[in-house]
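Work out the full structure: start from the sequences and follow the hints.
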Amino acid sequence: MKHPGEFALNRRDLVAGASACTALTVMPLTARAEAPIADRAVKTPVSLTINGRRHDLELDTRTSLLDAVREHAHLTGSKKGCDHGQCGACTMIVGGRRINSCLTLAIMHQGDEITTIEGLGKPDALHPMQAAFIKHDGYQCGFCTPGQICSGVAVLDEIKAGIPSHVTADLTAASEVTASEIRERMSGNICRCGAYSNIVDAMTEVAGRRA
Amino acid sequence: MKFDTPAAQNPIDRLTVIGKATDRIDGPYKTTGTAPYAYDWHDPALKPAYGFVLGAGIAKGRIRSMDLSAAKAAPGVIAVVTAESAGQLGKGQYNTAPLLGGPEIAHYHQAVALVVAEGFEQARAAAALIKVDYDAAKGTFDLAAAKDSAKPAKIMKDPGDTAVGDFEAAYAKAPVRVEETYTTPDEAHAMMEPHASIASWEGDKVTLWTSNQMIDWSVGDVAKTLGMPKDKVRLISPFIGGGFGGKLFIRSDVILAALGAKAAGRPVKVALTRPLMFNNTVHRPATIQRIRIGANKDGTITAIGHESWSGNLPGGRPEAAVSQTRLLYAGANRMTATRLATLDLPEGNAMRAPGEAPGLMALEIAMDEVAERLGMDPVQLRMLNDTQVDPEKPDRPFSKRELIACLREGGERFSWSKRVATPGQVRDGRWRVGMGVAAAFRNNQLMTSGARIRLGPDGTVTVETDMTDIGTGTYTIIGQTAAEMMGVPLDKVTVRLGDSSFPVSSGSGGQWGANSSTSGVYAACMKLREAVVQKLGLPAADAVFADGEVRSGGKSVKLAQAASAGEIVVEDAIEFEGLAKKYQQSTFGAHFVEVGVDAATAEIRVRRMLAVCAAGRILNPKSARSQVIGAMTMGVGAALMEELAVDKTRGFFVNHDLAGYEVPVHADIPHQEVVFLDEVDPISSPMKAKGVGELGICGVGAAIANAVYNATGIRVRDYPITLDKLLERMPDAA
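Top to bottom, those sequences are chains A and B.
Here the UniProt record's numbering is used: the first residue of the first sequence is 1, the next is one more, and so on.
Here the UniProt record's numbering is used: the first residue of the second sequence is 1, the next is one more, and so on.
Honestly, the hints are just simulated from the structure, not real lab data.
These figures come from a predicted structure and were not determined experimentally.
Treat each hint with caution, since some may be false.
Here are some, though not all, of the chain B residues that point toward chain A, as calculated from beta-carbon distances under 7 Å [as the list claims (entries may be wrong)]:
{"id": "1", "residue": "Lys-30"}
{"id": "2", "residue": "Glu-121"}
{"id": "3", "residue": "Ser-417"}
{"id": "4", "residue": "Ala-659"}
Now the stretches of chain B that chain A is said to cover, found in silico as 3 or more residues with beta-carbon under 8 Å [as the list claims (entries may be wrong)]:
{"id": "5", "segment": "185–194"}
{"id": "6", "segment": "627–637"}
Ideal Cβ placement from N, Cα and C applies to all residues, glycine included.
Pasting the structure below:
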C-alpha cells in the first residue's frame with residue numbers, strides 16, 4: 001500500500017524557492033517561463049509548523065490552510081469534504097484548538113503550530129484515540145475519520161479545560177464527558193456512513209482511560 | 001467455479017476467522033490519514049495540474065456561445081476543455097445524460113467546461129471568467145404535475161406491472177381497507193468524499209486514480225465515452241470515501257480529468273466541488289406511492305396493491321418502490337404498477353437500497369394503518385401475514401426467511417409490550433413518547449466475482465481483485481476468507497483491491513459485494529488448495545489447511561513449502577447459476593424505534609433504535625453491525641430531514657450543499673442496537689452469507705414515522721417528517 005507520506009516535499013525545490021523568495025517574484029520550478037506577471041504577484045511565502053516540522057511554502061494568497069497542507073506540504077490525511085466549513089473532514093488542531101482548515105487562509109497562519117491527523121500517530125504507533133476508533137469501528141469509508149479523530153482529541157481537551165457547550169447544564173461546574181456532551185460537541189463532524197454510535201463509544205473509552 | 005447446488009460442509013464452516021468480530025485491517029491507515037483516496041495521490045512523477053469544473057446555469061436548452069477568452073488568458077491557465085474542443089464523445093452504458101454538456105444542456109449543473117491551471121486557486125478563478133450565453137428551454141420539473149403523463153416502465157428486466165388473482169374485486173370486498181398516498185422526496189447520497197479523479201496519459205493509455213464502486217463497469221464506460229479500447233484504460237480506486245450508489249458509475253470528474261490531461265499534456269486532478277455534486281451527479285428520485293391493502297377482520301391480508309410514480313431524464317429508469325411489495329407479505333390478490341414521468345431534473349439513479357428504501361417508507365406506514373384499523377398489534381399483523389414462499393409463485397420457496405423471529409426477538413428486547421397502542425398517551429417531561437415498528441426487507445443479489453491468489457515462499461497469501469471497499473469492510477472480510485481457506489492467521493494475508501489490472505469482481509452495490517466477492521475468493525482459494533496438495537504430493541481428499549500447515553494422509557507439511565520453489569498464483573471466479581430462480585433469496589429484519597416529540601415545539605428526537613437482522617452468515621459481526629447502524633442513521637435522515645428542494649421554475653435542487661441538505665449529525669443519533677440472528681444460508685453461496693449493507697435502511701424510516709404517530713396521533717405521509725408538518729395538529733401541550 002502506497003502512502004502519501006512517501007511523497008515528502010522535495011528539499012531541493014524547497015531550498016531553491018526559499019532563496020529566491022526575498023524578491024517576491026519567485027517562480028516555482030514547474031512554472032512556465034512565459035507566465036504573466038499577475039501569476040507571480042499573488043504568491044507569497046508562508047511558513048507553517050506542521051506536526052512539529054517547519055514547512056516553508058510559496059503559496060497563492062488564496063490558498064486555504066487545508067490546501068496548503070494537502071496540496072503543498074503533501075500531507076493528505078486531512079480531507080476536503082465540502083470546502084465550506086459544513087462537514088468537518090478538514091479539522092486540524094491549530095494552537096491547541098480545532099478548526100475547519102478549509103475556512104481559513106494559509107497566510108493567516110504564519111508560524112502557527114498545526115497538528116493534523118498524521119501528527120497524532122502512525123499506523124505502527126497509534127494515538128489512543130486512533131486505537132479506540134479501530135477497536136470500536138468508529139468509521140466506515142474513513143474519509144471523515146481524520147477530522148473526527150482530530151475533533152475528538154480536541155473535544156476531550158475542551159471538556160477538561162471547562163469550556164461549556166450548548167448542552168452543559170451547569171456553566172459554573174466542571175464539565176463532564178457524557179454522551180450528550182460528546183454528541184453536541186462533535187456535531188460539526190459529519191459521518192455519512194453513520195458511525196456516530198461507535199465514535200461516541202470510542203471517545204468515551206479514551207476519556208475514561210484519561211480520567 | 002459454478003455455484004449451482006446448495007453448499008455442503010466446506011472449509012469456511014470451521015469459523016476460526018470468519019464469523020469473528022474483527023478489527024478492520026485497513027483501520028491503521030484510515031485512522032492515521034495514510035489511506036490514499038482519489039485526490040490524495042502525490043506521486044512526485046505525476047505533478048498534476050488542477051482542473052475545475054463549470055456547471056451549466058440552466059436546466060434545459062442550448063449553449064448559444066461560450067466566451068473563453070478571459071479564462072484562457074487568466075494567470076496559470078493551461079487549457080480549457082468544452083464539448084466543442086473535446087470533439088465527439090460517446091455516452092457510457094450506465095449514464096443517462098452526457099457527462100460533458102453542450103451545446104445541448106440536459107440538466108442543471110451538467111458540466112460544460114473544465115479549466116486546467118497550474119494551481120487550484122487559479123483554475124477556480126478562471127472558471128468564474130467563462131461567459132456562457134444560454135438559450136434556455138422550458139422544462140418539466142414537478143413530479144406531481146407530471147404524474148398523469150407518466151408511462152408504464154419496466155424495473156430492470158422485470159415487468160413494471162404485476163398482477164396475481166383479482167386485486168380490484170378482493171379489495172372491494174375486504175371488510176377492512178386502507179388506501180393512502182405517500183410521498184418521498186428527492187434525496188442525495190451526500191457521501192463525504194466528493195467525486196474525484198487524477199488522470200495521467202502515457203501514449204494512448206490512460207490511468208485514472210478515482211473513487212468508484214464498480215471498477216469494470218466504469219473502465220467500460222470510460223472507454224466507451226472516450227472512444228478507446230477498454231484495455232487502454234486503467235482505473236485505480238483502493239479507497240472510496242463513501243458511495244451509497246452515487247459512485248456505481250463514472251461521473252464528469254473522470255471524463256474531464258482524462259480530457260483535461262490530454263489537452264494539458266500532463267496529469268490533471270479534478271474534484272467536484274460540494275455545491276456541484278447535488279445537481280451534477282445523481283440522486284434518489286422522489287416518489288408518489290399509492291397503497292391499497294384489504295384484510296379480513298382477523299388480520300389476514302386478502303388484497304395488496306402498490307403503485308409508484310417517479311420521474312427521470314429521457315432514457316432514465318424508474319425508482320422501483322413497489323419491488324418489496326411483491327414478496328414481503330402473503331395475500332392471494334395482488335398488484336403493483338410502476339409509472340415513469342419525464343423530468344428535466346438531474347439524473348435519478350441508485351441510492352442505498354434503491355426501490356426498497358422509499359418503498360418500505362410507504363408500505364410499512366400502510367401496514368401500521370391497517371393494524372390500527374384492525375385494532376391489532378402491528379407486530380402481530382406482520383407475523384400473521386408472513387409467507388415462506390414467493391406469493392406470486394407459491395412453488396418457489398424463500399431460501400431462508402426469519403422475519404417472524406426478527407420481530408419476536410426485537411419485540412422482546414425493545415420491551416414492545418410496554419407500547420401503548422392508543423397514540424398520544426405517553427409523556428416523559430416535555431416529551432411525548434412513542435414507539436414504532438417496521439419490517440426490513442432487501443433481496444440478496446448475486447454477481448459473478450473473480451480473484452487472484454498468490455501463495456508466497458514465506459507462506460503469506462495475497463489476494464488481488466478489482467473489488468472495492470466503500471466503507472463496508474471488504475478488505476477485512478476478504479482477508480478473513482483467505483485466512484480461513486488457507487489455514488493461516490489474518491496477518492499473513494495481504495488484500496489488494498480496486499485496481500482494474502486485477503480480476504473482475506462483483507464490485508460494491510446492491511448489498512451484493514460481501515457475499516459475492518468473498519465467494520470469488522473462496523473459489524480461487526479452492527483452486528490454490530488443489531495446487532498446494534498437488535505440489536506437496538499429498539492426497540487431496542482429506543486435506544486440512546490449518547495453523548499454517550497442510551495435513552493429509554497422516555502427514556503434516558508447512559503451507560509455505562508448497563511455494564518454496566516459487567510463488568504459486570491461481571485465479572478463479574464464482575458464477576451463480578440456477579438457485580436464484582428456484583429459490584427466492586432475500587434478507588430480513590425488524591426495526592424498533594422510540595421517539596420523543598417536544599410537546600410544545602414538535603421537535604422530534606430519536607431516543608432508541610434497535611434492528612434485528614436475519615441475513616445469512618455474518619462474516620465479520622463488527623463491520624456488519626457498522627453497516628446496519630450506518631444504514632439506520634441514513635434512515636433517520638430520510639425520515640426526519642433529508643429533502644432536495646426542487647426549484648420547479650428553474651429546475652434544480654436548491655439546497656445543494658451540506659448546510660442546506662441536512663443529513664444526521666452526532667446529536668441526532670442515539671446509541672443504536674443491532675442483533676444478528678444466527679442464520680446460515682447454503683443456497684446463497686459457499687460462504688452461506690447474504691448481503692447486509694442495505695438491509696439496515698429498509699423500513700427504518702417507516703418505523704420512525706410510526707413512532708411519531710404513536711407519540712402524537714399525527715400521521716404524516718409526506719417525508720421528511722419535519723416539525724412544521726406536526727405543529728398545527730399537535731395535541732395540547734398541557
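Structure versus earlier hints - violations, ascending order: Number 3 - this is the single hint that the structure violates.
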